[in-house]
Structures are given as structure tokens and as C-alpha cells.
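**Q** The task is simple: from the sequences and hints, build the whole structure.
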Amino acid sequence: MLEFRKVEKLFPGVRALKGIDFEVKKGEVVGLVGENGAGKSTLMKVIYGAYQHDGGEVLVNGRPTRLSSPREAMQAGIGMVFQEQSLIPSLSVMENIFLGFEQQFVNFGVIRWKRMAEAARRQLAKVHLDVDPYATTSALSFAQRQMVELAKVLALEERVEGDLVILLDEPTSVLSKQEVGLLFQRVRELRTRAAFIFVSHRLDEVIEISDRIYVLKDGEVVDVVAGQGASAEHIQRKMVGREISKAYYREEKQKPCGEQVLVEARGLCRAGHYEDISFRLRRGEVLSLVGVEGAGGEEIMRTVFGLEKPDGGTLELKGQPVRSFSPVHAVRSGVGYIPRERKVEGIVAGMSVCENMTLSQMGSYSAGGVMKRGPERRMASEWVQRLEIKTPSIDANAGKLSGGNQQKVVISKWRSGGCDIILLDHPTRGVDVGAKENIYEVVREMCADGCGVLLMADTLEEAIGLSHTVAVIKDGRIARWFDCTPGSKPTLYDLVHYMI
Amino acid sequence: MSIEKIRPHLPWITLLVLTLSVTAIAPGFLAIGSLLQMTADISALFVLALGITLVIYIGGIDLSAQSVANMTTVLVTLSLPTLGLWSAAGVLAAGALIGAASGYASTRLKVPSFIATLALGGVALSIGQFASGQQAVFMDPAARDLAFGWVIGSTAGVPNEIFIAAALLLVLLFLERRTVFGRALKAIGAGEPAAIASGLRVDAYKIAVYGLAGAISAFAGLLFAVKLAGGAPNIAEGFLLPAIVAVLIGGTPLTGGVGGVLNTLIGALIVAVIRTAMVYLDVPATAQQIVFGMVLIVAIALTIDRSKLAMVK
Chain A
24 MLEFRKVEKL FPGVRALKGI DFEVKKGEVV GLVGENGAGK STLMKVIYGA YQHDGGEVLV
84 NGRPTRLSSP REAMQAGIGM VFQEQSLIPS LSVMENIFLG FEQQFVNFGV IRWKRMAEAA
144 RRQLAKVHLD VDPYATTSAL SFAQRQMVEL AKVLALEERV EGDLVILLDE PTSVLSKQEV
204 GLLFQRVREL RTRAAFIFVS HRLDEVIEIS DRIYVLKDGE VVDVVAGQGA SAEHIQRKMV
264 GREISKAYYR EEKQKPCGEQ VLVEARGLCR AGHYEDISFR LRRGEVLSLV GVEGAGGEEI
324 MRTVFGLEKP DGGTLELKGQ PVRSFSPVHA VRSGVGYIPR ERKVEGIVAG MSVCENMTLS
384 QMGSYSAGGV MKRGPERRMA SEWVQRLEIK TPSIDANAGK LSGGNQQKVV ISKWRSGGCD
444 IILLDHPTRG VDVGAKENIY EVVREMCADG CGVLLMADTL EEAIGLSHTV AVIKDGRIAR
504 WFDCTPGSKP TLYDLVHYMI
Chain B
3 MSIEKIRPHL PWITLLVLTL SVTAIAPGFL AIGSLLQMTA DISALFVLAL GITLVIYIGG
63 IDLSAQSVAN MTTVLVTLSL PTLGLWSAAG VLAAGALIGA ASGYASTRLK VPSFIATLAL
123 GGVALSIGQF ASGQQAVFMD PAARDLAFGW VIGSTAGVPN EIFIAAALLL VLLFLERRTV
183 FGRALKAIGA GEPAAIASGL RVDAYKIAVY GLAGAISAFA GLLFAVKLAG GAPNIAEGFL
243 LPAIVAVLIG GTPLTGGVGG VLNTLIGALI VAVIRTAMVY LDVPATAQQI VFGMVLIVAI
303 ALTIDRSKLA MVK
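The listed protein sequences derive, respectively, from chains A and B.
My numbering runs 23 ahead of the 1-based position in the first sequence.
My numbering runs 2 ahead of the 1-based position in the second sequence.
Worth flagging that the hints you see were computed from the coordinates, not collected in a lab.
Among the hints, erroneous ones may be present.
[Unchecked claim] 25 Å max Cα-Cα, derived DMTMM-like pairs, lysine to aspartate or glutamate: (1) Lys137(A) <-> Glu180(A); (2) Lys7(B) <-> Asp418(A); (3) Lys49(A) <-> Glu193(A); (4) Lys332(A) <-> Glu178(B); (5) Lys112(B) <-> Glu331(A); (6) Lys112(B) <-> Asp334(A); (7) Lys366(A) <-> Asp284(B); (8) Lys366(A) <-> Asp205(B); (9) Lys112(B) <-> Glu364(A); (10) Lys423(A) <-> Glu194(B); (11) Lys395(A) <-> Asp142(B); (12) Lys423(A) <-> Glu178(B); (13) Lys366(A) <-> Glu239(B); (14) Lys261(A) <-> Asp44(A); (15) Lys395(A) <-> Glu194(B).
**A** Take a look at the structure:
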């Protein structure tokens with residue numbers, strides 16, 4: 024029904040999908056697993072038409088196709104049930120089900136609500152959901168809304184020829200065990216009508232429901248295993264299994280950390296995000312927060328930088344309790360934040376490399392409010408050389424650089440200003456291999472200079488390879504601490520075990 | 003060549019093309035005397051546009067400029083007999099206060115800038131109406147000349163207004179290009195989240211910008227009042243639209259971060275040429291806003307960076 028042959032997807036500087044072969048047959052449930060950054064979400068976006076492939080072939084019912092928008096994908100029978108639900112909360116259930124396809128109920132320009140409600144009831148019956156089609160969507164529970172979303176996708180079958188392919192993106196992440204059971208029951212019943220692609224972090228569930236499981240890693244399908252009798256451990260090994268080279272992460276440069284505590288958190292909580300978080304970050308230490316997407320690590324990091332306020336607990340920066348949570352205060356205390364959203368919070372596109380580097384420390388490069396161009400430019404040139412930033416000049420627009428070079432500009436911004444508490448949020452995301460090694464080198468240098476680094480790594484190997492200490496976070500709590508001194512580093516499987 | 007490459011050059015190309023077209027209709031247009039007159043006539047509007055430029059540069063909009071100028075003409079006229087030259091300081095402070103209030107509303111209270119400045123503009127307008135009793139007020143010529151004689155008249159054949167506007171432009175250009183303040187404004191306009199994440203006091207800078215813009219609007223009002231030897235609560239009516247046109251057509255887009263005060267100089271000259279052309283073409287003064295309304299839409303459509311907008315509301 025749906026077949027991918029050697030499909031490629033390129034982003035500037037990154038080959039996100041490297042010749043993916045992927046197939047979904049009629050009535051099948053296909054699992055799709057991979058680490059963060061393995062290419063799962065890119066692949067999904069190509070499947071439902073949000074991205075277009077740059078190479079290879081996409082065949083729908085045997086015909087080569089190019090799905091140029093989600094709507095076109097829907098017309099080809101491919102629907103997506105979103106993790107972040109796509110229903111509009113203020114509309115009624117039936118309006119959501121037929122959103123964008125109301126034309127069938129229109130007579131002389133007027134929508135016939137009764138007919139729409141009737142049609143909506145038919146769709147809701149398919150998923151055994153007993154709610155009033157006139158009900159406002161926001162009044163429904165999360166699980167109910169998910170079923171509405173599924174019903175919305177199923178409504179496609181009356182409009183398209185051939186069978187449906189339905190993508191389920193992390194459908195179980197916020198469901199209770201019972202609700203998961205119900206969802207799986209529906210999926211099994213609906214196999215007569217549609218094929219499913221099931222994407223999840225929860226391997227046991229993927230194994231339970233899938234006929235076949237595709238394992239993705241670094242933009243490639245590294246294995247396809249039968250769901251029946253698959254072993255979670257085997258899949259995990261395939262997901263993460265790269266020969267881990269100690270030299271790659273500069274482990275020989277990992278030195279014991281110092282005594283002074285730079286950051287101390289005691290019982291930090293923020294409702295709905297994290298709870299009872301306590302940790303200490305010392306000089307020269309790399310402390311990793313590890314967890315699945317949404318486990319709370321990112322919020323903890325943003326709290327340390329003052330972008331979010333905790334509801335309870337205390338935070339001390341270099342022994343001083345933080346009273347006002349704001350980036351202004353954090354930067355003053357010597358904290359530097361290297362965000363995941365590099366283009367949004369990292370660099371200012373439209374400003375030059377040089378201007379970006381001094382943005383956080385204009386006070387040091389000015390007198391009486393007037394910028395001192397000479398010192399500023401000398402500093403920028405020095406850091407461009409030091410980190411081997413590939414840029415036409417220090418006056419070039421930082422927004423036009425590649426991801427890795429932008430990252431180095433952000434690192435220069437903080438390091439040149441003498442920040443010694445560095446928050447690294449996915450520093451190597453979307454960065455090519457060579458630039459990654461540069462960044463690892465920089466992390467080691469920072470530690471040697473006495474910085475403390477709080478890290479959210481892009482991959483588990485990176486977390487283990489770079490860190491002195493790893494905190495595994497699960498559902499907003501620290502589930503387990505690991506010591507990562509070279510020689511006694513934990514394995515990936517040790518960590519994964521506590522993550523999911 | 004792509005539109006991206008041409009876009010930064012659009013303003014001066016527009017100015018050149020317009021100037022040549024007007025010269026074709028009226029060969030006398032390029033005479034020094036007529037050019038000086040045109041430039042002098044646009045000076046007060048240009049000053050008003052400079053204030054608006056700063057706000058648009060950080061990604062906001064200032065709809066209160068005209069009302070603040072209106073209020074100023076009344077207040078400075080009424081306070082001139084008692085305060086003399088100090089009345090200028092008073093009205094500049096009043097303008098800054100109104101602007102800062104808009105800034106406070108848009109940053110701390112999260113009111114969108116167009117609503118905040120519209121509302122505070124209403125306040126300014128009302129103050130002018132209340133203070134003047136809804137009628138025109140006049141300056142005593144002797145008192146005016148004593149305090150503000152430097153505004154009117156000419157030096158070496160060039161009207162003083164041009165020197166005043168040029169001086170303000172230079173000060174603001176220095177502020178924009180050479181100071182920490184200017185750098186912060188650019189960062190806020192081009193990438194506010196990154197500016198926040200770099201530890202800049204973004205809210206404080208924004209409030210300062212709105213305050214400064216308010217003071218500059220008041221300064222424009224002061225120029226009006228001195229030139230016309232009096233004030234009225236609606237004397238600057240019809241200036242807001244051309245001033246915003248000057249900013250946008252000059253190349254400072256509504257999304258902020260690029261352009262700046264020098265661009266507004268070109269924009270103001272374009273507005274001046276359009277105005278002059280309309281005079282040559284016998285377009286009645288009352289119909290000019292029709293043209294500026296159209297030009298505004300075209301200017302926005304041409305200058306806006308669509309990649310920065312997720313959706314327009």
C-alpha cells in the first residue's frame with residue numbers, strides 16, 4: 024500500500040534520511056522505533072506530507088507519488104494521529120472530525136449540522152466512543168480526544184479509494200494502562216479497514232502490537248524484526264548500537280571534578296513538569312540529565328537559567344540563593360545557556376558573528392554606553408580562530424552559517440565572557456560529525472578551565488561519554504544516579520532500563 | 003536576481019525613479035530652491051517618523067505619535083508664557099511619559115503595542131482637547147521668538163528646520179549604530195528570544211524605546227507649534243499615515259531588526275516627492291490620504307519578511 028524505496032531527505036548540512044526502505048502492507052501494524060534524532064519524526068513527516076522527499080521513491084498503492092501537503096496525503100488515504108493533539112479545543116467534536124471537509128454537508132452555502140452530526144456518530148461508532156458530536160472538544164478527556172482524533176482519520180475511508188494508512192505518534196505516552204489496552208483493542212479491530220504505523224518510545228508496547236518493527240538509527244533502517252517473539256534487548260542494541268569509541272568523546276581528557284559547588288538544587292518542583300529535583304554541579308563536572316522526550320530535563324535546565332520559575336524548592340548559584348528567576352540574573356551569576364532551539368534562542372539571525380558574540384556582555388565591550396569596536400572585533404576574531412568557525416568574516420550574518428558553526432558562535436558568546444556554569448541543551452543536534460567532535464573538545468576545555476556543565480545530550484552515548492555523572496529522569500523525577508568515571512561508565516542498557 | 007537581493011535597495015531605487023518621474027512632469031522640481039522648500043516642509047513629519055522608526059525597529063508599532071504631537075502643540079503654547087524655553091523640556095517629558103506608559107503596557111501587561119499606543123494616543127489626544135478647551139491656541143510672537151527663534155528662519159539660505167532634523171538624525175544614527183542601546187534594539191527586533199536568553203533586560207529596553215519615541219513625537223509637535231505659532235488638539239491630523247509610510251517604505255519592515263533611522267530619511271524623502279507630485283498633478287489635499295493608504299499597503303507587502311511570520315492576524 025505504502026512503500027518507500029531509497030528515500031532521502033536533506034536539510035542544510037544534514038542528511039536526515041539516508042536511503043530509507045520502508046513498507047506497510049494492507050492490514051498490517053508496523054512499529055517504528057529509534058532514539059531521539061534517529062530520523063523518526065522526519066520519516067513520519069515525509070509519510071504524512073509535511074516534508075517532501077529529496078531522493079528515492081514514495082509509492083502509494085504501487086504508484087510513484089509526491090505528497091506535497093498533509094491534505095494531499097489525506098486524499099491518498101494517509102492520516103496522522105498526532106502526539107500533540109491536532110484537535111481545536113473550542114470546536115465541537117463533529118466540527119473537528121470534518122475540519123476542512125465540510126463541503127459534503129453544505130447545501131446552498133449552509134452547513135447541515137444534523138447531517139454532520141449523523142456522519143460524526145458513524146465515525147465515533149467505529150472507535151466505540153460514546154460522546155455527543157455537539158460536545159465541545161475541550162470538555163473531553165485526553166483519551167477521548169485521542170479517539171476522536173482516530174475517528175477523524177478514519178473518516179477518510181469514505182472519501183478515498185483504497186485502504187487507509189494511519190500513523191500513531193506516541194499514542195500511549197499519556198494514557199493509563201487500561202486506556203492503552205482499549206486503544207490496542209481498537210487498533211486490532213480496525214486492521215480490517217486500515218494499516219497502522221505505530222511510533223513509540225515504549226518498546227514493550229511496540230512489540231505487543233506490531234507485526235513488524237523497523238529500527239531507525241542515524242537516518243537509516245538498521246534492522247527490521249518480526250513483532251512476534253521480538254526481544255526488547257535486541258531492539259535496544261540495534262537502536263543505540265554504535266561502536267563507542269572512547270577517543271570520540273575525548274574520555275582521556277575527562278579529569279576528576281573540583282570541590283566548589285556551582286549549582287545546588289534542593290527539592291525543586293514545577294507542577295506538571297518535574298518534582299523534588301536535587302543535585303549539585305561542581306567545578307569541572309559534566310552532569311547529564313537523561314530521559315525520554317518530555318521527561319522534564321529541559322524544564323529543569325530552563326529553570327536554572329531563569330526562563331521558568333519553580334513552584335517550590337531552592338536553587339543556589341555559587342552559594343547564593345536565587346530569588347528572582349530571570350535570565351538577566353542568571354547571566355550575571357555566570358550562567359550561559361546553549362539552547363536546543365539554536366536559531367531562535369541561540370543566535371540572532373540578522374546580526375553579525377561579532378555582534379552575536381558580545382550580545383551577552385556588551386557592558387565589557389563598551390564605555391559610557393558606546394560600543395568599543397576594536398576590542399570587540401579582536402575578541403571575535405580570536406574566537407573564530409580558536410573554535411575554527413567557518414565564516415566568511417566576523418561581520419557575516421550569523422543566521423547564514425551552518426548549524427555547527429552557529430553553535431560555535433553561541434559557545435563563544437558565553438565562553439568569551441567567562442561564564443563558568445554552562446547549560447548545554449542538545450549541543451550537537453543537527454550538527455555534522457566533524458563539528459560534533461569540535462564541540463566535545465570544547466566541553467573538555469570548559470571543564471579544564473573550571474566550568475561546570477549541565478548537559479542534555481543528543482544521544483545516550485554522548486551523555487555517557489561526556490559526563491562525570493548522569494541523572495536519569497523519568498516522569499519528572501530523578502529515577503537513578505550513575506557515576507561515569509572513565510573505566511566504570513554505565514552501559515546504555517543500564518540507563519535505558521530506568522528511562523522507560 | 004532574487005527579490006531578497008533587491009529588497010535592501012528598493013527604497014533608494016524608488017526615490018530615484020519617483021524623482022525622475024516628477025522631474026519629467028515638472029522640470030523645475032530639481033531646482034535648489036524647490037528642493038530645500040520640500041525638505042523643510044517634510045522636516046516635522048520626518049522627526050515624527052524617526053520616533054516611530056525606533057518602535058518599529060524593535061518589532062512594535064507606535065500609533066500614538068500623532069496624538070502626542072497634537073497634545074504637545076497645545077501644552078507648549080499654553081505653558082510658553084510662564085515657562086519660556088523650559089516649556090520645551092516639559093512637553094518632551096510629557097511625551098516620554100506617554101510613550102513609556104505604552105511601553106509598560108506592551109511589555110509588563112502584555113497588551114499588543116498597536117492597542118497600547120492607540121489607547122495612550124487617545125489619552126494624549128484628550129489631554130490636548132481638555133487643556134485647549136477644544137480650540138486653537140496661539141503663541142505670543144515675541145515670546146515665541148525669544149524662546150524658539152532658533153527653530154524658524156534660515157542659516158546660509160537653508161531653513162533651520164532642516165538642520166534640526168539632520169542633527170536629530172545624526173544623534174539617533176549614532177545611538178543605533180554605535181551604542182549598547184542600539185545593539186540591544188537590533189537584537190530585540192531581529193531575535194527577541196535570543197536577546198532574552200542572552201540576559202538582556204529586554205523589557206527595560208523596550209520601555210525606554212517607547213519613551214524615547216514619545217519624546218521625539220513631542221519634539222515634532224514642538225516644531226509644528228513654533229512654525230505655526232500656536233497649537234490645536236488636531237493640528238497634526240493626517241500625519242500619522244505618511245509618517246508610517248515613510249518608515250516602512252524606507253525599508254524598516256514591521257517585523258523589525260533591519261532598516262533604521264537612515265532608511266527613514268529615504269522614506270521621508272519619498273513621501274515628500276509623492277506629496278509634491280500630487281501638488282503638480284492637482285490632487286486635492288483632502289484626497290492625499292487615499293494615496294498614502296494605498297502606498298502603505300504596497301510598502302508593507304514589499305518590505306515584510308514572510309519567513310518571519312507564521313501567520314498574520
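**Q** Output the numbers, in ascending order, of every earlier hint that fails for this structure.
**A** Those not satisfied are hints 4, 7, 11 and 13.
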